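Enquirer: Place chain B on chain A using the hints.
Protein chains: 2
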Amino acid sequence: MAKTIITVGREYCTGGRYIAEDVAKALGIKLYDKELITMAAKHSGLSEEAIAASEKKHTHSLLYNLYTVGNDLPLSDQVFILQSRIIKDLAEKGPCVILGRCGDYVLRERKDVLRVFIYAPVEWRREYAKTNPLVQATTEKGIREEIDKTDRQRSAYYNYYTQNRWGDAHNYDLAINAELGKEACVEMILAAVAAKEKAEG
Amino acid sequence: MAKTIITVGREYCTGGRYIAEDVAKALGIKLYDKELITMAAKHSGLSEEAIAASEKKHTHSLLYNLYTVGNDLPLSDQVFILQSRIIKDLAEKGPCVILGRCGDYVLRERKDVLRVFIYAPVEWRREYAKTNPLVQATTEKGIREEIDKTDRQRSAYYNYYTQNRWGDAHNYDLAINAELGKEACVEMILAAVAAKEKAEG
Numbered sequence: 001m002a003k004t005i006i007t008v009g010r011e012y013c014t015g016g017r018y019i020a021e022d023v024a025k026a027l028g029i030k031l032y033d034k035e036l037i038t039m040a041a042k043h044s045g046l047s048e049e050a051i052a053a054s055e056k057k058h059t060h061s062l063l064y065n066l067y068t069v070g071n072d073l074p075l076s077d078q079v080f081i082l083q084s085r086i087i088k089d090l091a092e093k094g095p096c097v098i099l100g101r102c103g104d105y106v107l108r109e110r111k112d113v114l115r116v117f118i119y120a121p122v123e124w125r126r127e128y129a130k131t132n133p134l135v136q137a138t139t140e141k142g143i144r145e146e147i148d149k150t151d152r153q154r155s156a157y158y159n160y161y162t163q164n165r166w167g168d169a170h171n172y173d174l175a176i177n178a179e180l181g182k183e184a185c186v187e188m189i190l191a192a193v194a195a196k197e198k199a200e201g
Numbered sequence: 001m002a003k004t005i006i007t008v009g010r011e012y013c014t015g016g017r018y019i020a021e022d023v024a025k026a027l028g029i030k031l032y033d034k035e036l037i038t039m040a041a042k043h044s045g046l047s048e049e050a051i052a053a054s055e056k057k058h059t060h061s062l063l064y065n066l067y068t069v070g071n072d073l074p075l076s077d078q079v080f081i082l083q084s085r086i087i088k089d090l091a092e093k094g095p096c097v098i099l100g101r102c103g104d105y106v107l108r109e110r111k112d113v114l115r116v117f118i119y120a121p122v123e124w125r126r127e128y129a130k131t132n133p134l135v136q137a138t139t140e141k142g143i144r145e146e147i148d149k150t151d152r153q154r155s156a157y158y159n160y161y162t163q164n165r166w167g168d169a170h171n172y173d174l175a176i177n178a179e180l181g182k183e184a185c186v187e188m189i190l191a192a193v194a195a196k197e198k199a200e201g
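Chain order of the listed sequences is A and B. Read in the UniProt record's numbering, the first sequence has 173 at position 173, and its numbers run on one by one without any break. Read in the UniProt record's numbering, the second sequence has 50 at position 50, and its numbers run on one by one without any break.
Pulled out of the complex, with its shape left as it was, chain A reads as follows (with noise of 0.2 Å):
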């Protein structure tokens, strides 16, 4: 039996969902993303839409708007925060994968979780964006605009929340290139897990 919560960061269309998916299969647990936008919605009373259209603007800092404006948070980090309880409450019942939504930082008081990035060159990513149904675009151009798009919001929804640094291994137990293949990645990810276990005892 699993005990150990597995956070995935993700580059767009690297197959990150998909390696999350199979890693929550082959652990018996639940993987968590968008549900979490549900979950958040249904705290609120907010629809599930301005809460993912609000994922998606940041200026500053949360720590510069918690600073400067205090209980008048923009909804964008009210939902962080939101998200951010919902994220601890869920860690806190036990074993599960949290996809995106900076869940390595938002747990990481926690010694109980593996912290995975999932990136790939940007060309090797631009060839998987054909095959993969959740890409919008169909042509070259479109692809790169997309992708490109799709980086710098989750670049800048981390740097924003964290204050650490997209894509910079320090923040992860373990990233991985996903040209290694979708079935390494998630034995890599199952070693680590085992690994994480047997050295908590």
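Calculated directly from the structure, the hints in this document are not laboratory data. Every value quoted in this text rests on a predicted model; they were computed, and no experiment measured them.
Any copy will do: because identical chains look the same in the list, a pair fits if it lies in one copy or spans two.
Calculated cross-link-like contacts (lysine-lysine; reagent style DSSO-like; alpha-carbon spacing at most 30 Å):
hint	residue 1	residue 2
1	K198	K182
2	K141	K182
3	K198	K25
4	K34	K141
5	K111	K182
6	K149	K111
7	K42	K88
8	K198	K130
9	K182	K25
10	K111	K130
11	K30	K130
12	K111	K141
13	K42	K3
14	K130	K141
15	K130	K149
16	K182	K3
17	K149	K42
18	K111	K3
19	K111	K34
Expert: Chain B alone, transformed into the frame defined by chain A:
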């Protein structure tokens, strides 16, 4: 029979050297580190001490020096160029493990290279240092300073020669927190080698 060349970059006091040794042993291939210095020395007629010392001093960047001083490069740059040639020759001859010396960058144009980075939180490394025979310092303060200084040297060396940023996951195929344990690190590297070789047929 292994086909892959493995480059291992590592922070000081992570046990990266021993991980690299175990990987080389498991695959039955050679590990190159100090031996690179010896080989460079033999090629250049310089003493090993002069070469080892030259690796610790860098200003500007190699590109800047190549542009401004041309053939009158500082000794450290000449040593880097010489070592890079040796690393490329070794890679040409067959699979091996290259420890440090920007191997990932030097061999960036080869497809048969697995680039690994080993790091760990600095608090963990300070504890590890107490059991590491290679560490010279004997007091808490001394260990702290020795780690800080060696990190700065390696980081400066890497950033100077590669124009990339030391510790950025994107420079590697696999970046592992040494806290997961030596055996797990070796296991994951071997899994990555197997996946890479399988993918390439």
